[in-house]
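Assemble the complex: chain A is given as a structure, and chains B, C and D must be docked to it using the hints.
Chains as they are written, first to last, in the UniProt record's numbering: chain A, 1 to 344; chain B, 1 to 344; chain C, 1 to 344; chain D, 1 to 344.
Since the hints were made in silico from the structure, they are not lab data. Careful: at least some of the hints might be erroneous.
Stretches of chain C that chain D covers, calculated by requiring three or more beta carbons in the stretch to come under 8 Å of a beta carbon on chain D [what the hints assert, rightly or not]:
1. 227 to 238
2. 324 to 338
Pair by pair, the computed Cβ-Cβ distance ranges are [said to hold, decoys possible]:
3. 3(B) / 41(D): 54 to 60 Å
4. 206(C) / 56(A): 42 to 48 Å
5. 120(B) / 41(D): 47 to 53 Å
6. 139(A) / 268(D): 29 to 35 Å
7. 256(C) / 115(D): 33 to 39 Å
8. 77(B) / 41(D): 32 to 38 Å
9. 252(B) / 118(A): 39 to 45 Å
10. 338(B) / 56(A): 56 to 62 Å
11. 250(C) / 249(D): 55 to 61 Å
12. 120(D) / 338(A): 40 to 46 Å
The beta carbon of each residue, even a glycine, is placed where N, CA and C say it ideally should be.
Number of protein chains: 4
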Amino acid sequence: MLKVGVIGAIGYVGAELIRILINHPKVKLEAISSTSYIGETISSIYKNFYGKVNLICTDMEEVIKKSDLVFAALPHGLSEEIAELTFKENKILIDLGADFRLSKEEDYKKWYGLNFLFKDLHKNSIYALPEFNRSKIKNYKIIANPGCYPTSIELGLMPALKNNFISVDNIICDSKSGATGAGRTLSLKSHYTEVNENLSAYAIGNHRHTPEIVECLSKISGKKVSITFTPHLLPINRGILSTIYCNLKKEICLEEIHKSYAEFYKNEPFINIMPLGETAQIKDVKYTNNCNISLHQDHNKNQLIIISVIDNMLKGAAGQAVQNMNILMDFEETDGLDFIAFSN
Amino acid sequence: MLKVGVIGAIGYVGAELIRILINHPKVKLEAISSTSYIGETISSIYKNFYGKVNLICTDMEEVIKKSDLVFAALPHGLSEEIAELTFKENKILIDLGADFRLSKEEDYKKWYGLNFLFKDLHKNSIYALPEFNRSKIKNYKIIANPGCYPTSIELGLMPALKNNFISVDNIICDSKSGATGAGRTLSLKSHYTEVNENLSAYAIGNHRHTPEIVECLSKISGKKVSITFTPHLLPINRGILSTIYCNLKKEICLEEIHKSYAEFYKNEPFINIMPLGETAQIKDVKYTNNCNISLHQDHNKNQLIIISVIDNMLKGAAGQAVQNMNILMDFEETDGLDFIAFSN
Amino acid sequence: MLKVGVIGAIGYVGAELIRILINHPKVKLEAISSTSYIGETISSIYKNFYGKVNLICTDMEEVIKKSDLVFAALPHGLSEEIAELTFKENKILIDLGADFRLSKEEDYKKWYGLNFLFKDLHKNSIYALPEFNRSKIKNYKIIANPGCYPTSIELGLMPALKNNFISVDNIICDSKSGATGAGRTLSLKSHYTEVNENLSAYAIGNHRHTPEIVECLSKISGKKVSITFTPHLLPINRGILSTIYCNLKKEICLEEIHKSYAEFYKNEPFINIMPLGETAQIKDVKYTNNCNISLHQDHNKNQLIIISVIDNMLKGAAGQAVQNMNILMDFEETDGLDFIAFSN
Amino acid sequence: MLKVGVIGAIGYVGAELIRILINHPKVKLEAISSTSYIGETISSIYKNFYGKVNLICTDMEEVIKKSDLVFAALPHGLSEEIAELTFKENKILIDLGADFRLSKEEDYKKWYGLNFLFKDLHKNSIYALPEFNRSKIKNYKIIANPGCYPTSIELGLMPALKNNFISVDNIICDSKSGATGAGRTLSLKSHYTEVNENLSAYAIGNHRHTPEIVECLSKISGKKVSITFTPHLLPINRGILSTIYCNLKKEICLEEIHKSYAEFYKNEPFINIMPLGETAQIKDVKYTNNCNISLHQDHNKNQLIIISVIDNMLKGAAGQAVQNMNILMDFEETDGLDFIAFSN
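The shape of chain A in the complex, shown without the other chains (with noise of 0.2 Å):
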């Protein structure tokens, strides 16, 4: 059994995190850590693990001595210094925050409103997304998971881009968010009353996600891609929808744009192409591990508009981190993940 940590246990990620490994076959979750509750057991901060889970929450130190993986789910800004601590003892870092996403530092100083501060660990790490990188991931000790509207963009985009089918110069990403998404810190913005029976667009034209989707896009395509990136808050608690715009290069029926896309993903066990004619929505995939993709043609020009829907939780965070980490190991790609969505 491998022995896992997480740090930042305490976060919706966290929480997600310590239910996928509790039950996965071939890991023991060890230790957990949390700054704000140390000496506090999960069970008491989160009713749903009372009588599942019974873990203690520690200090990220402890963590890390007791583990061989440790997985990070932290704000920004966090990780670098774990990473630190974690090479050199030739550990695994599985980094659900966002600083080993972006490879430039100039971008993160843009973005993010830091500096790198060990630009050596940064070679070493790698953006992992395994339906794009599968077979590079497992060459490094420094994992970036990447982000949630990031993952269901990419998916979406990725066999478009690849077989050259769309321009990179003008894709519309309009996506649609859970409130999980924002996390378990208090905020009016996540105040019930004021998600609830409501929907609004934020951060529009400079979300964070912007740099790591262009990057991830541009590697792809071979070619710098731009995008336009707007982020909406929707009233559910779990589930991306990503309604993707892109114009098609030339004539090019949507019978073989789909075709494709199920040859681009026919072994990815989490990648669902919907038959034409269906349309991705986020219950299918809610709880789950899944992409959905569904693609459609506009009804008078030369148009492709894609649907991407994952789980902002699972294949936008701690699914994927996981589903990282059975590559990393060797182990089933799906172990721990073979999740089937409820019907309702």
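Just chains B, C and D, lined up with the frame of chain A:
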């Protein structure tokens, strides 16, 4: 007091009309009709009217007979015959269906599968969006009340098109609507457990509001406008939020655009241009006849992002119909419609 | 026009008061205050007021100075000092907090942990539930507006107690409230993802509304009433539904009880006794000042089940406060309050 | 691997059974049936199964032929004929309908309006609530799976009745259920806009689960138990919360009651007695087979308040059915059911 009636009283739009008309200071609601509920009291069907409204459903002919102005809130294909009757008797019809929204029969045929029954009536009808063509409305006796999605999109784009700020070639309209938009008719798509905790797109590339939007925007701009329109179903009761992406023709700063929007709508009682930096959201217009609009620019290119929100049942249907009546009758335009949104 | 002011304008109840008062035909809202938002415009905090209300938050003293009647919507413990000021100046205070609801200091001490600051003021105050003691309200200058849960329960039980139909020993009140009841203050208990898709009971056996309910019911019946009261938090914004179980004293048929309820409330503008066979539900009173009550009998024993529903922000708070003002000022009791519920 | 089948596969309970059985380590789901969907793939109806389950709906006879154990999830009145077939062939039927839940034909007649079709079969059936009569279940081939509301109430009351703590005369059960309980059949009562932002009670004093609860509680206590049961419809998908009020027979402290509950259920894998001071809530058991129970005492009298929560689709239906199968087949009782609730 103007004598008015409602045909199609038991649908959600009909019921909303009744609520407004009962409280309107200058009209008397004389009769309501519903094919399926003849003889039944409105308050036995909608308990919210209990103790307030005791009208009994009668038939269409009775409504026309008793009213000087008739509202029809019916599925498409049923209003032309009503218009034939009201026009003959020199009464006014405000039609909340689609029968008179498209000026070209070929479009109606293509998108709704029907021919015009009474071609001449169409020449005597007007698509009545007050903020666009208020002054002409009074010349007509057959009023086509705009659709809900079209209202949100047309109001959002009008100043940009009138001022020639944006390209008309490639406007993306990503719209999200609450479930009242699907009406009271039973369907698995409107079943509680299917809508709740979900988001789904539908009718992608072929929604029937598309030709209506195209025709109106083309009239506004004087050029053939091309749009992509994708509606989504939100797990809320009321409200539409349209996120509209357009390409700016030349570099123009957001401040200037904002100023011209504010100027354009400065005398409009129901339109609010939000201050720069604010984002229009559904809860601020829910249960009102308002349309709030906010303007945004993308970080790295000449693209304008417009957020336009309305209550689909009010400015998107019953409210706008009453606004049109107010205009036709020279009432105060806000009579019966001066709702302030609830803070929560 | 009566000059009125609101102290505690930024809480949910304060904002609801503002919405009603702005549209009230016989008052002018002169000033509002909020300790934390002095100098800020209400519409910059509540965007729903944008373009409608531009009042700027000032301090308490200013509000009292400018107003002849003051509403205070504050946490308990802050209103006595305000009353001291208004009473001295012969102005009216309608207090939506708990400071003047309990007549016995020992109860206030026991349930709220505080002593009465100005004992004499309490003799000059009245617990004002119009349907119970309308005629006495006009004699007072300090008005204690009832709590939300108490209003739903007291109105539901009043005719049964007055008619001596039920035992006063063992009344079970199982109440369910929407999340606005918890206010705008941030708390994990009001965090969207904690409330959504959940139901939870709280303060079981020790909620502070208990002594208020007991005192009022005891006054109504003339005997010491004993209740069990359990509140629950619903995943909705507005509304309270109380399911009340009482033991009938003797065999009495439901028809007779129903008749006496209808008779009891026949002149009340805000109370609807639903026809036998109907069940009162939250959506039929939401966004109104109404209280709908339905009556039911258990299948196998002499037990009466009463369902009583109100909007917690209106009849349960701001609406009832304005109703009390209308009574005090000899306005029409429905002035500013004649809302019809939305059909959906 | 045990060969199993599901009759009534397209209802919500049927779909939930399929989800569990597909992942169950010791069974093979051989066939499913649905009268209305013969020939259709389950994943074409429930898109959440897309890529995971490809079973095709057949007819009832085929399901029985292919299976050693059959689950029936049908409206009442249809299972006796199935039982007649399975019993003849010495196969096991786990019936999730009401046909075998009541032991007395007169009760079935009174509450469901039907006679027993095959009286002898009823002697060979058992009402199977594992925590009550686990040891007897294995002797039967016709298993009546308890209803959802009854499960929550019976588990909540069992230790108090067994220990003779409470009076059996006047137990009040105020229950609240999510909308999946009303199933997939279209109805205005399950229409999204009618359920959302609402709470309503229904079937007050005459819900069909009443005689089932009374019979089971009477068996548990050895005395005729009398209850009042009021169900309410919550605007959530999953979960039941029952608030149960009972009169303590003598003064007994809550600590002692809590201790005896904990002792009573100490070996039960699916029951959690929450620590004193905690309150059981729906989100902590949603999507699990657990029943969480919390215990409370009223402030001023000898009354016990029990909160009991389950997921109506799992412990209240499909999960308990699989638990019963596990018991019948000597599998681990938690096989296929060891779900941890999501933190959000």
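Evaluated hints:
1. With 8 residues bearing a CB less than 8 Å from a CB of chain D, the region 227 to 238 of chain C meets the requirement of three and the coverage assertion stands.
2. For a cut-off of 8 Å, the count of residues in the region 324 to 338 of chain C with a CB near a CB of chain D stands at 0, and the three-residue condition is violated.
3. Distance hint for residue 3(B) and residue 41(D): a CB-CB separation of about 57 Å, consistent with the stated range 54 to 60 Å.
4. A C-beta distance of roughly 30 Å is found between residue 206(C) and residue 56(A), which places it outside the suggested range of 42 to 48 Å.
5. With their beta carbons about 51 Å apart, residue 120(B) and residue 41(D) fall inside the hinted range of 47 to 53 Å.
6. A hinted range of 29 to 35 Å is violated for the C-beta pair residue 139(A) and residue 268(D), which are about 48 Å apart.
7. Checking the proposed 33 to 39 Å range against residue 256(C) and residue 115(D) shows it holds: the Cβ atoms sit about 36 Å from each other.
8. Separation of residue 77(B) from residue 41(D) is about 35 Å and conforms to the stated range, judged on CB atoms against 32 to 38 Å.
9. Taken as a hint, the range 39 to 45 Å holds for the pair residue 252(B) and residue 118(A), whose Cβ atoms sit roughly 44 Å apart.
10. At roughly 59 Å, the beta carbons of residue 338(B) and residue 56(A) sit within the given window of 56 to 62 Å.
11. Look at residue 250(C) against residue 249(D): about 26 Å separates their beta carbons, and that is not inside 55 to 61 Å.
12. Distance hint check: the CB atoms of residue 120(D) and residue 338(A) are about 44 Å apart, consistent with the given range 40 to 46 Å.
When held up to the earlier numbered hints, the structure conflicts with 2, 4, 6 and 11 and fits the remainder.
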